[in-house]
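**Q** Below are the chains, spelled out letter by letter.
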Amino acid sequence: MADDQVIVGLEVHCQLDTKSKLFCGCSTDYRSDGPNTHVCPVCLGLPGAMPVLNKRSIEYAMKVAKALNCTVLHESEFSRKNYFYPDLDKAYQITQYDKPLAEGGYLEIESDEGGERRIQLTRIHVEEDPGRLVHMGNAERGKYSLVDYNRAGIPLIEIVSEPDMRSPKEARKFLNKLRATLEYLSVFDSEKEGSLRVDANISIKGNERVEVKNITSYKGVEKALTYEVTRQKNLIRRGQRIERETRHFIESTGITQSSRSKEQEHDYRYFPEPDLRPLHVQSWVEGIVLPELPDARRERFVLQYGCSLNHARTLTGELKLANFFEHVVVADPKGLSSLAATWIADTLIGELNYRSMNLDRVDAAGFTELIRILKQGTITDKSGIEVLRVMLDQRIKNEMAETPTAIVSRLNLAKTSGDTSIITAAINEAITENPKALEDYFAGKGGALNFLVGQVMKKTRGKADPGELNRMLIEALKKKET
Amino acid sequence: MVTEKDVEHIAELADIGINTDELGTFTHQFNAILDYFDVLDQVKGDTTITRDLTNIMREDIVEPSLPQNEVLKNAAAQEDGFIKAPRVM
Amino acid sequence: MHELSFEPDDRYNAFLAVCKKAPYGKGKLSGIAIAVKDNISTRGIETTCASKILKGYIPPYDAHAVELLRQSGAAIVGKTNMDEFGMGTTTENSAFGPTLNPCDTNRVPGGSSGGSAAAVAGNMVRMALGTDTGGSIRCPAAFCGIVGLKPTYGRVSRYGLIAYANSLEQIGPMGQNVSEVSTLLQVIAGKDRHDSTTYDRPYNHNPVADIKGLKIGIPTEYFGEGVDPKVAGVVKTAISRLEELGASTVPCSIPSMKYALAAYYVTCTCEASSNLARFDGVRYGPAADSKKSWHDAYKEVRKAGFGTEVRRRIMLGTFALSSGYYGKYYAKAQVARENVKADFARLFSEVDLIAGPTMPTIAFRLKEKSDPLSMYLSDILTVPANLAGIPAISVPCGKADGMPVGLQIMGRPFEDERVIDAAYAYEQAVN
Chain A
454 MADDQVIVGL EVHCQLDTKS KLFCGCSTDY RSDGPNTHVC PVCLGLPGAM
504 PVLNKRSIEY AMKVAKALNC TVLHESEFSR KNYFYPDLDK AYQITQYDKP
554 LAEGGYLEIE SDEGGERRIQ LTRIHVEEDP GRLVHMGNAE RGKYSLVDYN
604 RAGIPLIEIV SEPDMRSPKE ARKFLNKLRA TLEYLSVFDS EKEGSLRVDA
654 NISIKGNERV EVKNITSYKG VEKALTYEVT RQKNLIRRGQ RIERETRHFI
704 ESTGITQSSR SKEQEHDYRY FPEPDLRPLH VQSWVEGIVL PELPDARRER
754 FVLQYGCSLN HARTLTGELK LANFFEHVVV ADPKGLSSLA ATWIADTLIG
804 ELNYRSMNLD RVDAAGFTEL IRILKQGTIT DKSGIEVLRV MLDQRIKNEM
854 AETPTAIVSR LNLAKTSGDT SIITAAINEA ITENPKALED YFAGKGGALN
904 FLVGQVMKKT RGKADPGELN RMLIEALKKK ET
Chain B
665 MVTEKDVEHI AELADIGINT DELGTFTHQF NAILDYFDVL DQVKGDTTIT
715 RDLTNIMRED IVEPSLPQNE VLKNAAAQED GFIKAPRVM
Chain C
2 MHELSFEPDD RYNAFLAVCK KAPYGKGKLS GIAIAVKDNI STRGIETTCA
52 SKILKGYIPP YDAHAVELLR QSGAAIVGKT NMDEFGMGTT TENSAFGPTL
102 NPCDTNRVPG GSSGGSAAAV AGNMVRMALG TDTGGSIRCP AAFCGIVGLK
152 PTYGRVSRYG LIAYANSLEQ IGPMGQNVSE VSTLLQVIAG KDRHDSTTYD
202 RPYNHNPVAD IKGLKIGIPT EYFGEGVDPK VAGVVKTAIS RLEELGASTV
252 PCSIPSMKYA LAAYYVTCTC EASSNLARFD GVRYGPAADS KKSWHDAYKE
302 VRKAGFGTEV RRRIMLGTFA LSSGYYGKYY AKAQVARENV KADFARLFSE
352 VDLIAGPTMP TIAFRLKEKS DPLSMYLSDI LTVPANLAGI PAISVPCGKA
402 DGMPVGLQIM GRPFEDERVI DAAYAYEQAV N
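Protein chains in written order, with the numbering used here: chain A, 454 to 935; chain B, 665 to 753; chain C, 2 to 432.
One should not assume that every hint holds.
Incomplete in silico selection of chain B near chain A, CB under 7 Å [claimed, not checked]:
{"#": "1", "residue": "697"}
{"#": "2", "residue": "698"}
{"#": "3", "residue": "729"}
{"#": "4", "residue": "737"}
{"#": "5", "residue": "743"}
{"#": "6", "residue": "745"}
{"#": "7", "residue": "746"}
{"#": "8", "residue": "752"}
In silico DSS-like links for lysine-lysine, alpha-carbon gap of 25 Å or less [stated by the list, open to error]:
{"#": "9", "chain 1": "C", "residue 1": "300", "chain 2": "A", "residue 2": "534"}
{"#": "10", "chain 1": "A", "residue 1": "658", "chain 2": "A", "residue 2": "645"}
{"#": "11", "chain 1": "B", "residue 1": "669", "chain 2": "C", "residue 2": "329"}
It should be emphasised that the hints constitute simulated quantities derived from the structure, not laboratory data.
The beta-carbon is built from N, C-alpha and C at its ideal position, and this holds for glycine as well.
Please build the complete structure, drawing on both the sequences and the hints.
**A** Now the structure itself:
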């Protein structure tokens, strides 16, 4: 290990996608409803109310444990973590302390140097989410907090890693792999806002550990850790000590800040939850059937569809994407896979991100048709992008969705090969309008040809087959020489 | 043996107030009780706790929640359906 | 729906809330007035645990036991006084004044279910629900001269019982005779899907006055130093009666009694310190001062709302659970509990029942016990049954110095039926 080696460990909290809460029957589908509408005596922590464990939450957590190669303990139990906060309505969180559901395990990620790295896990356990606090008011009118207990009692799975990651980038990769795995297991919906929260521990070798709490986005984790690495390395360079402390990440500015001292030295006074009974679920492990997981799917994509490793990695990186790909190529895998993989991985994802658009809104049949058209050579790649953009924009604006064929026709994007007269005309125009470029070309200046190609492309609105266009332009230029 | 300072610290930890004029009596009584608890030091072994009721769970079925007004009914202060609480620093 | 008119002459301060027109329906308890201890949630009826911190709290739900009462047609006529949050042996720790003992109003009715006991002993109701964490049903039953049963742990749902010590407490029936206590138990016992610690053991028994051939163990520890000789004498006489009825007695010992009380107080204060932390004036109870910061407001609410004994126990429990002390106190207390359970299991392989006094003395005078530790020590005979989770009943067996004395009978887990039968047999024989 290098002297200034970065050491990162993560504690990841994910909301399990059950229908009802961890200890009561309230619906977990609270996000579009008003505050305090998904609450009952149990999750509100009314005096006298008692928790009853949701079986599915344990089944889900065990699926995760098995997928991550953990050992499920023979006996597992819930404990109370006691602290006082307005969003914690019982003044304790029911969690697991000394007898978690599972221990050990690992997750393999692509290391920064290429190749695979195994990140060891410490443990996995189940716990309840607290409510949600909103800070209100100001210095003049007085500050206060508003609490919504809809989130109180939502089941969480906490996955704790060993401090095995060596960079902020590796941390992001770990998170992405974990997220994908949980999606493949159908126990987690990453699109739900706030469904994932991360506490990160980071140190520079030989120095104190800093904890950054409550990071709520994947990108945020890498940003926060990158900031911390810089901050800590600067301190070391100045000969200053790193304080062992808890900090929080501010998304808007990308910096971490020291949390108030009240956060430190919490004595949680853990003891076993007397209202819940122990779990003996080790025997359930054998009967758990895992679906195809990301690594296996990636390997299958390479073998079955001939995808490049990079494309396969990208496509299987999200469950929806992988499903989309397979759906698109299903009618003709041999014929469509190569093009589909490229267009989804290298183009579609980018176009969706640009529009902040969800893959769900893309019509797979339409996309398949586009791939076919491209395969037939009916249009150029450039036109293909244009068609795709029109399709996506129509969806976003909720306009009538045209088929790719219709778009090609309407915008007259079909390649002009066969009808070379349009290209010839465009070439002649380009040459006539750009005498300097012509001179430069004959003078041997390489950029001149590209410039002229660009001019012809413009005139043909990208419809000309590039290979064809190049050939014809060079021929025309040759003729001009003489 | 706990001192008055210890008792004050415990009161802080428990976020529960005691008056200064109670402190002396509290500490005295505390010590008497803790002395009595010392008899537990003689308890031997870690007898395996009997676990006869295990795996008590319910099915993942949604049940009706309380109407919002019932949730808010006992709260001293509310705003737009949220429950009001003193500010957290 | 019918209504029962209820306007008692409550000279003992037994009730904190009274339902002047109590609705009732059809069923086993149709039209029968039942009083409910004020730590048991009743929908629409103020439930305070005799504490200022819950003043004005109106639960939006019924405890399971209360729902069962309603389903059986009972008329719930009021909520009874108690030691604040169940912490006490005299009902003097109520924030709303003590309850007086109907047998002698200069004396305490016992606790913490003093209000329920006084309501029954004072003939305002025939039956009441109490709760027993370390003797809180049996003690007031003994002090007031009525019958009170702590069922086997897990036999009656705790859903809706405002928790003091979850691993120790049970809701139980109190009444003027064993038969009515048994009827009330029929209604409230059974598995509840809302309480993960209940067993599927309904109680469908009608008392049978037959104890012929049963072996009864008499623990030496129950007749030792701390027990008033007059009380011991009355109980011994009662036990001879049991022998006359065909049971045989055999002396026995419970060595783990030595640390039973410490184990009890460590366990209950630890659990209570956690259970009572939720009272912050935000979701219920008197308002927290929102002009203050969270921690300051929270501290203030608790100082103003909790009585001295409650604050003492919360602090004891917080201390015992705090970093570094868990092993010394809470963990050790659980081992001690297992030893108590094991002692009883060993005894019950040779005897069918265990008998002795319920309390070491008769009811104290008001304000007599001012030292907390000496108050705790009076629970010594009742806490073992809570630690072991076994059924235990107190049935009146005579008087000492003019005040009632209770005979305590304990049985194997889930043999509440046999405990009831023994008490019934005694009661029928002496009445």
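**Q** Now tell me, hint by hint, if it's right for this structure.
**A** Do the hints match the structure? See the list:
no.	hint	in the structure
1	697	violated, 18 Å
2	698	violated, 17 Å
3	729	holds, 5 Å
4	737	violated, 11 Å
5	743	holds, 6 Å
6	745	holds, 4 Å
7	746	holds, 4 Å
8	752	holds, 6 Å
9	C:300 / A:534	holds, 19 Å
10	A:658 / A:645	violated, 36 Å
11	B:669 / C:329	holds, 21 Å
Hint compliance for this structure: hints 1, 2, 4 and 10 are broken, all remaining hints hold.
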